[in-house]
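Visitor: Given the coordinates of chain A, work out where chain B should sit on it, guided by the hints.
Residue numbers (our numbering), protein chains in the order written: chain A, 1 to 133; chain B, 1 to 376.
Calculated directly from the structure, the hints in this document are not laboratory data.
Beta carbons: idealized from backbone N, C-alpha and C, even for Gly.
Where hints are given, some of them may not hold.
Said to hold, decoys possible - Here are some of the chain B residues that sit facing chain A, going by a computed Cβ distance under 8 Å:
no. : residue
1   : Ile33
2   : His75
3   : Thr235
4   : Pro302
5   : Thr326
6   : His354
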Amino acid sequence: MEEYPDDRRYTEEHEWIQSENGQQGGVQAVVGITDHAQCALGDIVFVELPAIGSDLHQGEAFGTVESVKSVSDLYAPASGRVVAINAALNEHPEYVNEDPYGRGWMVRIELTAPAELDRLLDAGAYERLVSGS
Amino acid sequence: MERTPLYAEHIGLGARITQFAGWEMPLQYRGIIVEHNAVRGAAGLFDVSHMGELLVRGTGAARVVDRLATNDPSHLVAGQAMYTLLCMDDGGTVDDCVVYCRIPGREYLFVVNAANIDADAHWMRAAMAGRSDVELVDLSPETALLSLQGPRSVAILGRLLGLGVPDLATLRSFRFWPEVPWMDIVLMIARTGYTGEDGFEICCASDHAPKLWSALLTAGEPEGLLPCGLGARDTLRLEAALPLYGHELSPTITPLEAGLDRFVAWTDRAGRPRSFLGAEALRRIKAAGVPRRLVGLLPERPRIARAGAVLSVASGQPVGFVTSGTFSPTLGSGIALALARVEEDPLPLWLEVHGRQVSAERVALPFYRRRRTQSS
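Excised from the complex, chain A in its bound form (with noise of 0.2 Å):
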């Protein structure tokens, strides 16, 4: 089955973003995709990520990720600035397959607009969007 922990909120694009607060006093969040896409995409064999210091804006694309049939892009949850990406991935893109909310993750990002994240869905919401589709 594939779940979706409610310990952070989704998009409608199948991307979570976990927030965290940040070292100096910032507010920090983590971005991957969900089990949902992983499994959808199948074997994935590439993740290409922004660099760190890049500016990330809600909605628009700042990366793809690609599996063995197919390419997607991926979608920026909340604006932010980039502070760390999942280099681990260019070794091991399958880590997003395996797990996607924890070893699977793909960028930090230092939020601009935290209040961005309650526009976005929860465990529950995204679910029924899923579970309906």
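Guide: Quick look at chain B alone, frame taken from chain A:
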């Protein structure tokens, strides 16, 4: 949407279903890469019952088949099969298929692509018009086809049939046994496939397909056999550079452009020119020089070019397009086939991949070639 007689088995195995040529088919069970690797290293079992079986029979069958096929089926012996193209008058491709000689001169079975069954039958009947000594029978609805592929296929089929490896070794590549009794049914077993590995394609009546499918999975379990979907079928055939109709072949792509010259028999065994459908046009094209050819490309890692990607030379001039592209699990990189006007090594080549230009290296085909063993 149509379903094969094994649809319930696929659902039971947790397959993800995809739509292909009007059929609901398994795309994958556990995953494309693990299924692909099973076929390369052990064995895989595919349901390809969506494919068509068209039987040409009658005393005039040999003449008609000789007229239909670019390759020369007239010298096939009973139990022998060959790959051939079927062409239109202008040299464009109607379909590609394997023709099985059941009775020389009288009975030839064409196994054709699912998407083309009706078009092929229509085209074949047109070529038979006015003849009362030959008929076309579409056996597709009552026929199931399973494909057992990979180096452990011999051991698995041997276990199923109670035959030893030496017995199965007598069934050589592109040969088939028309009637093999198994339990209370009859199988047609051919040493053919679409993966670049040794393997077998096994026909039976649709009603019996679930029994055969489960028995093969059971016989194969100790050998590492996995059920495999169309996803792995595509990555396997592409590594082996085997054409897929609708991609490398189409009404606007000739067999010569697809690099399938060796399956176009210009003359019969006595050296006389053959007059199959499309022969004149193909001779003209060959004489004038084939304008574009299928080439193998490796996009710069880790990029993967997909069908439709534009191929250009350094000046930016487009020279062709990708017909099929995927990730190769064996090479661990992207691979692509492209139809291109490529002169001698106009390097570098560039592919447009997801909105950006990526360099590509031209390589010899196939991308993957198995190491042959004596038994196959």
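Visitor: Give a verdict on every hint.
Guide: So, going through the hints one by one against the coordinates:
{"no.": "1", "hint": "Ile33", "verdict": "holds, 5 Å"}
{"no.": "2", "hint": "His75", "verdict": "violated, 41 Å"}
{"no.": "3", "hint": "Thr235", "verdict": "holds, 6 Å"}
{"no.": "4", "hint": "Pro302", "verdict": "holds, 4 Å"}
{"no.": "5", "hint": "Thr326", "verdict": "holds, 6 Å"}
{"no.": "6", "hint": "His354", "verdict": "holds, 5 Å"}
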